[in-house]
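This is what each chain is made of:
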Amino acid sequence: MSDERRYRLAIWIVIASETLLFAGLFALYASYRAEYGHAFSEGVRDDLQWIGGTNTLVLLTSSFAIAWAVHAMRAGRARTARRCLELVIVLGLAFLALKLVEWGVHVHDGVVPGVAYSGPDHGPGTSLFFTLYFAMTGLHALHVVAGLALVTWVRVSQRPLALELVALYWHFVDAIWVFLWPMFYLMSSS
Amino acid sequence: MTGRTLIVTYAALVALALTSWLTASLGAGTGVALAFAAAKALAIALVFMELARAHAADRAIAAIAVFFVALLCAGALADVAFR
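Taken in order, these protein sequences are the chains called A and Y. By this note's numbering, the letter at position 149 of the first sequence is numbered 129, and the numbering carries on one by one without gaps. To convert, count from 1 in the second sequence and add 284; that's this note's numbering.
Next comes chain Y alone, as it looks inside the complex (with noise of 0.2 Å):
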């Protein structure tokens, strides 16, 4: 990554971080805090973690286990919402 690419991306970091933390304090749902915590690992992910351009076996391992955290999360929000 180049060092502008690296700067940018703290900015838009910090930027994400203060409008969530606004948007909060309005009182914007969880939906919306979510959302950009999402924005945000993202973020860190593609750019500080260089997982647009690894190998693909480190793309899949990441992808995996976000895939693996979405679906225990699911199955604990559908338990309480079918119970």
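This is chain A alone, in the form it adopts within the complex (with noise of 0.2 Å):
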């Protein structure tokens, strides 16, 4: 087995690693959804609609953008996967940016994980709803600043082989918030 295959071997079993570790958490979402459905669909319309969906599209376009530094980097253009993957780094931050600003709205309105919650009541199950959505999106943010840091150090090493890994993990994270977006932001019909 080659280097390569070593390589793009293990990056998948990290990638079902983390698959598996958000499991869990999906697993608790449907399943408290399930029992909490009036409060979950009210959850969901508190959220900022306009920063899920803008922050939706900013990670489907750093998507783009990693996957065309790969396309262009095997096509022997440094320059031009230099460039897409500076954008995926600005890209990336705008996403943490929002989700900061949205996060400190919903603190000062006292939407907060756990027993300090004092923001709308939707009944039964509405702190259980932003518990889950504090703890799912940020374990998402967190993945999203390991991403950063792995993007800008092949951004800085410009190894062919790294790139190719670390765009693979980037896609995973956005294949993540593309389930994260409907649960938190879209399903408020029962």
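If you are wondering where the hints come from, they were derived from the structure by calculation, not from laboratory data. Check before you lean on any hint, since a few could be wrong.
[As the list claims (entries may be wrong)] Cβ-Cβ distance ranges computed for the label pairs, FRET-style:
1) A:R54 - Y:G311: 31 to 37 Å
2) A:A115 - Y:G311: 24 to 30 Å
3) Y:I291 - A:A74: 30 to 36 Å
4) Y:F366 - A:D(-17): 46 to 52 Å
5) A:L141 - Y:F366: 47 to 53 Å
6) A:Y(-13) - Y:F366: 43 to 49 Å
7) Y:I291 - A:R(-15): 28 to 34 Å
8) A:R(-15) - Y:L326: 36 to 42 Å
9) A:P140 - Y:L326: 43 to 49 Å
10) Y:T307 - A:V136: 40 to 46 Å
11) Y:A323 - A:G90: 32 to 38 Å
12) Y:T286 - A:L37: 21 to 27 Å
13) Y:L361 - A:D101: 35 to 41 Å
[Said to hold, decoys possible] If you want the footprint, here are the derived chain A segments under chain Y, 3+ residues with CB under 8 Å:
14) -18 to -4
15) 150 to 162
Heads up, the beta-carbon is just placed ideally off N, CA and C, and yes, glycines get one too.
Make one complex out of these two single chains by using the hints.
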């Protein structure tokens, strides 16, 4: 088995492990949503829709940018690849900035995780919804931070194989958000 | 993947995102929103992550991970449904 094959296998095992980390939280969400449908539907309405939607477009664009960086690197266009990676970093930072704005608005309104919750009351399950919201979007944001560190390292080191592996990780982070978006911003119907 | 394939996939992802945003604002159910999410994730996996032409072992790892997520969510939902 070549080194490249070994590294590719390793990154897929990492991605599968990370998927299972989120799986537990997805299962919790499914369970609580089934039990507290009204509170979860109303909770979705309390989230800032424009930030959720904008962040989705931001991450999808960043995924395209890093895919284009891989495409350019394979074609020997290292300069284009570097520009694309810089765009990924800018978009990743924009995603985090918008997330911080949203969390700040929530905290200001008393929408915090756990027993300290003092936001709108939609009945049993309301604070559970927002606890899951902070846990899942927070865990995802940590993955974005890790991804940004890796993208920055690849931009500096300019190793083609490392770029391909980091791109896979970045796409995974994007794919997780693709599911968090409807769960916390779109599914306002029971 | 060719540059054209990447551009077409990106355009499709944006179109799917905007459509799911629109349908949700019109009151579409959770199934519709999750179906759009699954379609986007599939496009990302097959094209951007190149799973469509990846080594069989990589595809098997990805498929098993997705299967376990589905199994765990189905188990959690069954627990509530048959309680």
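Hint check results:
R54 of chain A and G311 of chain Y have their C-beta atoms about 45 Å apart, which leaves the hinted 31 to 37 Å range violated. In this structure the hint that A115 of chain A and G311 of chain Y lie 24 to 30 Å apart at CB holds, the actual value being about 28 Å. Taken as a hint, the range 30 to 36 Å is violated for the pair I291 of chain Y and A74 of chain A, whose Cβ atoms sit roughly 22 Å apart. A hinted range of 46 to 52 Å holds for the C-beta pair F366 of chain Y and D(-17) of chain A, which are about 50 Å apart.
Taking the beta carbon of each, L141 of chain A and F366 of chain Y are about 49 Å apart, inside 47 to 53 Å as hinted. A hinted range of 43 to 49 Å holds for the C-beta pair Y(-13) of chain A and F366 of chain Y, which are about 44 Å apart. The hinted range of 28 to 34 Å is satisfied by I291 of chain Y and R(-15) of chain A, whose Cβ atoms lie roughly 29 Å apart. Distance hint check: the CB atoms of R(-15) of chain A and L326 of chain Y are about 25 Å apart, inconsistent with the given range 36 to 42 Å.
Between P140 of chain A and L326 of chain Y the Cβ separation comes to about 27 Å, which falls outside the hinted range of 43 to 49 Å. At about 42 Å, the beta-carbon gap between T307 of chain Y and V136 of chain A stays in the expected band of 40 to 46 Å. Separation of A323 of chain Y from G90 of chain A is about 36 Å and conforms to the stated range, judged on CB atoms against 32 to 38 Å. Distance hint check for T286 of chain Y and L37 of chain A: the Cβ-Cβ separation is about 24 Å, which falls inside the suggested range of 21 to 27 Å.
Distance hint for L361 of chain Y and D101 of chain A: a CB-CB separation of about 26 Å, inconsistent with the stated range 35 to 41 Å. With 7 residues bearing a CB less than 8 Å from a CB of chain Y, the stretch -18 to -4 of chain A meets the requirement of three and the coverage assertion stands. For the stretch 150 to 162 of chain A, the proposed coverage by chain Y is satisfied: 8 residues have a C-beta within less than 8 Å of a C-beta in that chain, meeting the threshold of three.
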